[in-house]
Every structure is written in C-alpha cells, then in structure tokens.
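2 protein chains.
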Amino acid sequence: MKQQIFSITDLAREFDVTTRTIRFYEDQGLIEPERDGQRRLYRRRDRVRLMLILRGKRIGLSLQEIRELFDLYDAARDDAPQLQEFVRILARKEQQLQEQMEDIRVVLGEIGQLRAQCEKTLDKRLPDA
Amino acid sequence: MKQQIFSITDLAREFDVTTRTIRFYEDQGLIEPERDGQRRLYRRRDRVRLMLILRGKRIGLSLQEIRELFDLYDAARDDAPQLQEFVRILARKEQQLQEQMEDIRVVLGEIGQLRAQCEKTLDKRLPDA
DNA sequence: CCTTAGCTTGACGTTAACGTCAACGTCAAC
DNA sequence: GTTGACGTTGACGTTAACGTCAAGCTAAGG
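Listed in order, the protein sequences are those of chains A and B.
Numbering (this note's numbering) for the first sequence: 3 to 131.
Numbering (this note's numbering) for the second sequence: 3 to 131.
Hints in this document: simulated from the structure, not taken from any laboratory.
You can take every hint at face value.
No copy labels: a pair is met if it fits in one copy or bridges any two.
Calculated pairs, SDA-like style, for lysine to any residue (alpha carbon to alpha carbon, straight line, at most 25 Å):
| id | residue 1 | residue 2 |
| --- | --- | --- |
| 1 | Lys95 | Leu116 |
| 2 | Lys59 | Lys95 |
| 3 | Lys122 | Ile91 |
| 4 | Lys59 | Ile91 |
Please construct the entire structure, taking both the sequences and the accompanying hints into account.
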C-alpha cells in the first residue's frame, strides 16, 4: 500500500501549488480534509480530488464549475432526475471540449506554418548553416 | 468584394461581444482601427485581428500573451534574432497545447464512462423506457 | 429646433483566484 | 526554555478582463 496520509505541504509540493491555494479550495468547498486538532489530514481521496481540480482548471473550468460537477456527481448516486441533469451537463461540456480541441488543432496548424516560414527565412539569411 | 468597413457594433454583434470589450482590446494595444473624426472604422484586417484574439482566448491565452504574439509576428519580419525567439515561443506554446489536448482527451474519456454508467442506472430504474 | 440613435471618453465597480502579511498555536530538538 | 519548522485563521491586496454608469458629441429625421 502506498502512503495514506499527506500533510498540506506534501500535496503542495507534489502538485506545485501553494498551501494557500489548497486552503482556498477548501474554503470554496472543493476539498474537505479531516483534522487532527487544527491540522489538516489529507487522504488519497482528497489527493484525487486535488488532481481533478487541477486538471479541470487546465481544461478551462472555473472552480465553481468544478464544484458543481463534484456536487452533481455526489448527488447523482440516488436521484434519477439529478442523474439526467448530470448527463445533460456532461453532454454540453463534451461539446465545448470538442470545439476547444478544434480551435487548438487549427492553431497548431498555423504554428506549424509559421515555423516553416520562419525557418525558410532564416535559411536564406544564414546559408552557411 | 465583401463589405470592407464595419462599425464597432457590427463587429460586436457578429462576434457576440460588447462594444466595451472591443474598446478594451484597443486600450490594450490589440487592435488599432482608423478613425473618422472620433468614430472608429474597422477594416477586414481589424476584423481578422478580433477573430484571432477571440480564438486565442478560447484556447486559454491571456490578452497579454496574444499581444506578445502579435508584436513578435510583426517584429519578426525583418529581424533574425526576433524570428528565432518567435520560433522558440511557438514551440513552447505548441507543447502546452499538446498537453492541453491530452487533458481534454482524458476528460472526454471519463465523461463517456460516466454517461454510460448513468444511462445503465437509469435503464435499471426505468425498465419500461 | 428637438429628439433619437449611435458613438465617444473617463472613472469607478466587480469577479475569480489567489498572494501577502500579521499574529498565533504546537511539537520536537537543542 | 527557546528556537525553528510547520501549521492555523483572518484580513487585506492584487491582477485580468471586463461591466456599468455619467456626461457629452454628432448626424439624420420629423
């Protein structure tokens, strides 16, 4: 078994965020670590949550959107209407992400062209290379 | 030939942003429309710029990053060192975008799984559907 | 002439996502 | 006992990207 309990600085170091950030996520209701007195204790579940938060941010979700997804995912376990709502939200987000990927694909294409152009220009100017 | 000149509200409507937003981009040095007296006149070139800005935003660039790219692209025309810097920046951005696409791919996979799971649950509960 | 539509500048407000700082608790080591 | 590492809670500051007035210009229509 891997390590089960982490301190706040453990997680901060591992994911390269500040402790302030992690506490802020807690204020926003995104993580709820246990306590030993005052001190926060993070388990694997909390660590996974943090990973999900950070990945969510990387794909352009706001903290509020991330929390809504967490909430829905929790609530959806035993409530059919909630489940259907969840599915709808997922479909919408999937659509957005597809569009986002298309944008990225386009930009990558342009970057490729620009690079080729740049390198051609550089070759002309430095024919000795 | 298509229309050559646009008012600020033309562009605002077409791209679904406010005029305030467009003026803000001008303050930030991202667009420089001509003037007829006070009034701003936008040409096709400005329209393209606005498109690029909005697409940049969609892939997660800040306005500052977008301006840097514009500036570099302009400056790179006749300065070899600038060109090389430009190529480096493009390479870095390309790397980031690849990672971002990978994140999105992962999330899309998870969304698919969640949906399947949700629908399975719904089927069990509503076997008449 | 007056109004209305559309545009202008400027100033201040707002939200998200933290950073920064102060003041304090706590536990092991010296 | 005090020092230092680590942690805590507030409270206030900051940046980006606009929103929201306020106050005024200007050309066209009635």
